[in-house]
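Next come the chains, spelled out residue by residue.
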Amino acid sequence: MQGSRAAQFELYKLYAKAMYNVALRILNYEEEAEDVLQEAFLDAFTRIVDFRQETTFGLWLKQIVINKSINYLRKRKMEFVSTDELSEVPDEDSFDDSEVRLQADEIRTAITELPDGYRVVLSLYLLEGYDHEEIAHILKISENTSRTQYMRAKKKLKSILEQKGMRDE
Amino acid sequence: MNNRLETFVKENRKAFDVMEPSAGLWAKIEQELDNKKKKKPAKLYLWMSAAAAIVVVFGLAWLYVGKLQNKDLEIADVSASYAKKEVHFAGLITEKRDSLAIFASANPELYKKFTADLKKLDEDYERLKAELPTSPNQTFVVKAMVKNREIQLQLLKQQLLIINQVDDYKRVNQI
Numbered sequence: 001m002q003g004s005r006a007a008q009f010e011l012y013k014l015y016a017k018a019m020y021n022v023a024l025r026i027l028n029y030e031e032e033a034e035d036v037l038q039e040a041f042l043d044a045f046t047r048i049v050d051f052r053q054e055t056t057f058g059l060w061l062k063q064i065v066i067n068k069s070i071n072y073l074r075k076r077k078m079e080f081v082s083t084d085e086l087s088e089v090p091d092e093d094s095f096d097d098s099e100v101r102l103q104a105d106e107i108r109t110a111i112t113e114l115p116d117g118y119r120v121v122l123s124l125y126l127l128e129g130y131d132h133e134e135i136a137h138i139l140k141i142s143e144n145t146s147r148t149q150y151m152r153a154k155k156k157l158k159s160i161l162e163q164k165g166m167r168d169e
Numbered sequence: 001m002n003n004r005l006e007t008f009v010k011e012n013r014k015a016f017d018v019m020e021p022s023a024g025l026w027a028k029i030e031q032e033l034d035n036k037k038k039k040k041p042a043k044l045y046l047w048m049s050a051a052a053a054i055v056v057v058f059g060l061a062w063l064y065v066g067k068l069q070n071k072d073l074e075i076a077d078v079s080a081s082y083a084k085k086e087v088h089f090a091g092l093i094t095e096k097r098d099s100l101a102i103f104a105s106a107n108p109e110l111y112k113k114f115t116a117d118l119k120k121l122d123e124d125y126e127r128l129k130a131e132l133p134t135s136p137n138q139t140f141v142v143k144a145m146v147k148n149r150e151i152q153l154q155l156l157k158q159q160l161l162i163i164n165q166v167d168d169y170k171r172v173n174q175i
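Protein chains in written order, with UniProt numbering: chain A, 1 to 169; chain B, 1 to 175.
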């Protein structure tokens, strides 16, 4: 597989779009997301010998993409909310609002309006399907922080969606 | 508890991956891959030449040291006739030592004493050999070495004689 350019292109075609969206959700900047994508594919192709068949190529690549994206984000000096900030977290896990119309596009744009820390945790949990244990590992935060961050992100997302809904009507 | 958002996202997961990377990205990746391929052989070449250089240096050093060490040998370098004698004696000595070894199990104490005497002579020989390369009068040292061999041989002959007699005596007594 290593040498074959055609095989590499096949892999690129198969995964580029999904991986680009993963990076974009974390970074929120198209240029950076493309840089990450390029680096991730280069890494994956040159390190393919290291790829252990424990996971699929897609999951492996996704891990590379996420790690690189987070590194980019960290370079921008984003901090994943310190724990003291978490004391006033609301208990209610409320997204009970039937009045909010759930539209993929609206949610997607609303997510881009979230602050970095919220957006990353929410994307990893909601869209990339990682659990809080994995997110804690990826972001090097506590599992509890991940959980509370997610709750708050969801709440914030809801309020953004509500605002939009009101504006629409 | 409400999971509407989670459920919705799960059911409409595809609708969230709508953005496309720019069309030229693969070309960029391909170019990088080509660059890496070109760099690799150069790098490999560099490593290989470094390795070869190390091997050459070590080889030369080994040869040089080997030559230095070789210098401490050889009576033949000093005198061919003495060398011939020495070889002749050395051959006989080995022979006699083998003969002596046969009696070893029957007369362990005697054998031990004999070999201790021989060992002393052998040590003297090694000392002379070590002196040879630096000695101002090499012929003298060589003579001493050959003499040492001769003494060893004579000693062995006597030892054999004694051990033979002792053995005979023991056997007669046994009967």
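Please keep in mind that the hints were generated in silico from the structure rather than gathered at the bench. Where hints are given, some of them may not hold.
Calculated pairs, DSSO-like style, for lysine-lysine (alpha carbon to alpha carbon, straight line, at most 27 angstroms) [what the hints assert, rightly or not]:
id	chain 1	residue 1	chain 2	residue 2
1	B	K10	A	K17
2	B	K129	A	K13
3	A	K158	B	K10
4	A	K140	B	K10
5	B	K43	B	K67
6	B	K85	B	K119
7	B	K157	B	K143
8	B	K10	A	K156
9	A	K75	B	K85
10	A	K17	B	K85
Here are a few chain A residues that face chain B, going by a calculated C-beta distance under 7 angstroms [as the list claims (entries may be wrong)]:
id	residue
11	Y12
12	A18
13	E34
14	F41
15	V49
16	R108
This structure is a prediction, so every number in the text was calculated from the model and none was measured. Think of the CB as a built atom: it goes at the ideal place given N, C-alpha and C, for glycine as much as any other residue.
Given the hint that K43(B) pairs with K67(B), does the C-alpha gap stay at or below 27 angstroms?
Violated, at roughly 36 angstroms.
Agreement of hint V49(A) with chain B interface, Cβ distance less than 7 angstroms
violated, 14 angstroms
When the nearest CB of chain B is found for F41(A), is that gap smaller than 7 angstroms?
holds, 5 angstroms
Does K85(B) lie within 27 angstroms of K75(A) when you go C-alpha to C-alpha?
This hinted pair is violated, its Cα atoms lying about 85 angstroms apart.
Are K17(A) and K85(B) close enough, with their CA atoms no more than 27 angstroms apart?
violated, 90 angstroms
A18(A) as an interface hint toward chain B, with CB separation required under 7 angstroms:
holds, 5 angstroms
Could you grab the alpha-carbon distance between K158(A) and K10(B) and see if it respects the 27 angstroms cut-off?
holds, 17 angstroms
Can the restraint linking K10(B) and K156(A) be considered satisfied, given a maximum Cα separation of 27 angstroms?
Roughly 20 angstroms separates the two Cα atoms, so the pair holds.
Hint consistency between K157(B) and K143(B) [alpha-carbon to alpha-carbon, up to 27 angstroms]:
holds, 21 angstroms
Could you grab the alpha-carbon distance between K129(B) and K13(A) and see if it respects the 27 angstroms cut-off?
violated, 79 angstroms
Does the interface hint hold: is R108(A) within less than 7 angstroms of chain B, judged Cβ to Cβ?
holds, 6 angstroms
Hint check, E34(A) versus chain B [nearest Cβ-Cβ separation less than 7 angstroms]
holds, 6 angstroms
In summary, the structure is inconsistent with hints 2, 5, 9, 10 and 15 from the numbered list given earlier, while agreeing with the others.
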